[in-house]
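Trainee: Each chain, written out:
Number of protein chains: 4
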Amino acid sequence: MPVRTGVIGVGLMGAEHARLLSHAVSGSEVSAVFDVDTQRAETAAASSDSRVLDDPMVLIKDDAVDAVLIASSDDTHEQFVLACLAAGKPVLCEKPLAPDVDGCLRILQAESDAGRQLVSVGFMRRYDPGYGELKDALRGGALGRALLMHCVHRNSAAPGQSSATLISGSAVHEIDTARWLLDEELLTVTVHRPRASAGSGAMQDPMLLVFASASGVLVDVEVFLNAAYGYDVRCEVVGEAGTVLLDSPAPTSRRVAGQFTRALPADWRSRFAEAYRLELQDWVDGIAAAEPVRGASAWDGYVATEVAGAGIRAFGTGGRQDVVLRDKPALYR
Amino acid sequence: MPVRTGVIGVGLMGAEHARLLSHAVSGSEVSAVFDVDTQRAETAAASSDSRVLDDPMVLIKDDAVDAVLIASSDDTHEQFVLACLAAGKPVLCEKPLAPDVDGCLRILQAESDAGRQLVSVGFMRRYDPGYGELKDALRGGALGRALLMHCVHRNSAAPGQSSATLISGSAVHEIDTARWLLDEELLTVTVHRPRASAGSGAMQDPMLLVFASASGVLVDVEVFLNAAYGYDVRCEVVGEAGTVLLDSPAPTSRRVAGQFTRALPADWRSRFAEAYRLELQDWVDGIAAAEPVRGASAWDGYVATEVAGAGIRAFGTGGRQDVVLRDKPALYR
Amino acid sequence: MPVRTGVIGVGLMGAEHARLLSHAVSGSEVSAVFDVDTQRAETAAASSDSRVLDDPMVLIKDDAVDAVLIASSDDTHEQFVLACLAAGKPVLCEKPLAPDVDGCLRILQAESDAGRQLVSVGFMRRYDPGYGELKDALRGGALGRALLMHCVHRNSAAPGQSSATLISGSAVHEIDTARWLLDEELLTVTVHRPRASAGSGAMQDPMLLVFASASGVLVDVEVFLNAAYGYDVRCEVVGEAGTVLLDSPAPTSRRVAGQFTRALPADWRSRFAEAYRLELQDWVDGIAAAEPVRGASAWDGYVATEVAGAGIRAFGTGGRQDVVLRDKPALYR
Amino acid sequence: MPVRTGVIGVGLMGAEHARLLSHAVSGSEVSAVFDVDTQRAETAAASSDSRVLDDPMVLIKDDAVDAVLIASSDDTHEQFVLACLAAGKPVLCEKPLAPDVDGCLRILQAESDAGRQLVSVGFMRRYDPGYGELKDALRGGALGRALLMHCVHRNSAAPGQSSATLISGSAVHEIDTARWLLDEELLTVTVHRPRASAGSGAMQDPMLLVFASASGVLVDVEVFLNAAYGYDVRCEVVGEAGTVLLDSPAPTSRRVAGQFTRALPADWRSRFAEAYRLELQDWVDGIAAAEPVRGASAWDGYVATEVAGAGIRAFGTGGRQDVVLRDKPALYR
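Chains as they are written, first to last, in my numbering: chain A, 1 to 333; chain B, 1 to 333; chain C, 1 to 333; chain D, 1 to 333.
Extracted from the complex, chain A is given alone in its bound form (with noise of 0.2 angstroms):
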């Protein structure tokens, strides 16, 4: 029996997710969309062969959905994870699993009442090969303890960004990257301000955060939103024997016009395809098996949303700002 996934909000990453789950995904399928906008339910539900309903709050309770995945506006996140919580039902939010620590917490509330987890929140970079290669190697022992993260993440273009939406919005992958792969938390941040690029209207773009995590290790991130050159994500870790580095992947090279060339990603979702197909088959593969959530969970993406917010707090004071987490619930522990 295939997983019975309803999506709320099939935008470009929802509709995606619909497609991953209906297509490329075993043992899934899709049995219900919502989105605010009824033209996009319909394509969506047409190319993934399932219904449209148009009470995201019915969906979340339809006898045929087994499962939700929530890519909706932010400020939805709450109250539909809430409700799949209230059915009992397991679910996978795009991040941010809410945009206020408020949020967040009333989530950790409901989950840890419910008494077992059902919340995913969606941090793909964990179930990318190159991040994973990360993660080996810093478990491998090869490189020794872990002492700097030297983070870069670009986009070509930001419409619509602002400074806060930065941090909140995209320095938050590298946020949950550092958590995952060094295993602690960060507990300081300091923001530099750069000249902003000639595009960058209001917001300060580029930026360069310092987050301190518990044991000291520094972690250092360019986020560029305007790079203008194309989509750019690389991570490299220094330990005391050695590093490890992830650049952007190309299979296949050219040599043309006087030039050695790779093309770099377009973007995020071409750079991550692999990632989300990894990470939708993983959720439905612990949805069969009815084991716990294995990617990140509510408690994740409650520090996340700190994280970003005390960021945030450091863009503004010029300072550095410390990250007050609250006591982590019994259930993650």
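None of these hints come from the bench; they were simulated from the model.
Model, not experiment: these values are computed from the prediction.
If several chains are the same, the list does not tell them apart, and a pair holds so long as it fits within one copy or across any two.
SDA-like, lysine to any residue: derived pairs with alpha carbons at most 20 angstroms apart: (1) K135 with S253; (2) K328 with L82; (3) K135 with P249.
Keeping the supplied structure of chain A fixed, place chains B, C and D upon it in accordance with the hints.
Mentor: Then chains B, C and D, alone, in the frame of chain A:
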């Protein structure tokens, strides 16, 4: 309704196919398994939620088998493919379609008689994203007309191989790849014999094959099965205006002990894991959509065996051998 | 007529300079050598066909000495440079010009009084072909305005270093490089302290320095002197329209034991061997042509010491420090 | 006392040699220049502080000429080398030593009669640091015995070339390099003809040559003179235990317009600039020290011409040609 596949032969490769068809391909199930080794069949059946059948001919006719994957020993391929054609079922046969030209021709005849293409041959490189980029580069026109291809095909070890199987079992991948990339036939072949490696026993290893295509493109192929250092497949296409190169991929690099390093693939299964998955997904999708064969056809399987045979003759004689192909049956035009 | 150089200090670096000046630089000879270690002086003199003089002040005034190269201990630089100025002779002083700002200022005063530039400072990276390509890229305009620079400076080991000399002796190279590449001054500096490596003793190693230039370019510099795995210098300049990266060079790669590998430089001498030769050739050519100082000037030497001092203060206080430069004397404008 | 060189022929290459000998090589001067084009001779003389002589035979005998560099047209090499031998002066002759075997043999005879080696041939790749790393890798033993060499030699354009000069003027570099790296002779050669590029006119371009060495190492060489995209020289040596690859070097890379890029060398002069300098420095050092010829000898020059001749015959016949070498005179053993 998922496509239900019966798998004949679940050794290393067949077991991996069964795993992919049951756990990684959308819209796919494994419904039956056969292997001459009953223990092996039971293991594969258990992990793919399917039954063991003790007669491959019964499996092919089984009502719960919509399609057949053949990964048994080379000399059994012909009879199973013919039985699938007789049963009117789609079949994906691991290369070679048949080890000898006559066997291939009987299959072409049977499929022509049946009047529709049901046979696919497992030249999985056509689904590798890297080879796909080579194809795109050639199609795109930026390189101009192709003039040369330089291929390297190295394994770390090759127990039980001979000079003939080096060509028919390994170089045959480059034979199919070159035909597919260049979209034309290979007409001649010359074999050069370098000094043999100490570990190669009676086999000529490495070997350098030089093919010429219908339009005059030269394709040189180094095959080195006891390359000791690892698995390494490369392909450079040289055009009038530029070149494109596929090298062994690796998302991360390390810096340790005075060296910048990148891991090479362990073997062909890890190198082409994505190609195998995409091949099977496309095969299943084609069956579900009742669409024509998309990967290598029986004709492609026949030509590969014919060209490999010319290579083996060229190895024996030391001179250049022509490839003489039969007329292409109407079904494949 | 070759330029005859007297070399003061023939330790590791000075001996290499003497070798280059006598055997690898056109139009150049070594005419005299001084070292506090007479044995060392005699070895260097023998291999460069020159005489040992037992008084550096006598060497500076010697009629057979047209120009002076200073590679003695840091605290002796000032007196020798001043003596060269008094003697009216061109002098190339290894960095630092003087370890303290006051010493640098006395040299600026003396050179200004002399009314012509005779002092060059050995910031050899300005002659490295790789750094030259960075400069060309910035000048060329294809990258747009510079916004960020990411620098990595790692040594395999660092006996006898301290947190202060990590900045004044190692980071000082990036300080000069950034000023030269960006063609503007660094105005502020912040120092972040990651967890220290086990082998670093009382020293803070690695260290992350963040500079801001007059126009707002952020320059982050990781210095890691006990990086264990090797010598590794990298620099990426991020512009509005693109980036340029200098990495550790290696003309060849190997594939052995499951790995693609490239050797990293053994240390700074092999990494910058070509830069040292080109620096000395340019210095000698300038003297022969009676042309102005082309490399780093005394003013550059002063600024490097001033900025490094601000870095050391920033390290001590944990906060951001301003770099306060004296007015640039007319001679250097 | 510097070594005073007379330069015969100051076209593109000879002018560069004159520049290096007067401005980049230690212990070296240019004392006289000859060229059939007087204007060109005067320009070179002016920039190297030397005199123009209007008779090359007078130049060779001139008292102020300690050694001679020959960079005139190929067909003049023999007479000038013989004159240098008659004058008892060291001579560095650009390749070829002589375009025909008989000319080479007359030089071997004359040098043998003279009883000491005075002739060097300008196979500058022996001085390229990258080729030096290949040699070190082979000597080091980590790769095991060599079995194959794959060479690529591409120019962006080749006005005035023919199929024969493609071999004698371009492939000849790989011929010398292979002999030097493998430390043995090439015994046979076969030439394969790919489809010719549109821009190649009557010339067969590209061409694929396959040599076999005395111990059975196969050396395949793609020469492509109208490669359009740029200058590109590569060499991979495949050993029993691993491989080593020399590729076109570039210290920096850029990321612009959706691409990771590295510049390829403009032509052979920039690619081998360092090799030319080191070749000349070593030549001058050897003369100053009265030491034996260190680079390619007259014997090496003869063998290169002999092997290239076999290649031209193989191109003409389409079959494999043996290389038949004369007995090596005692002077070269």
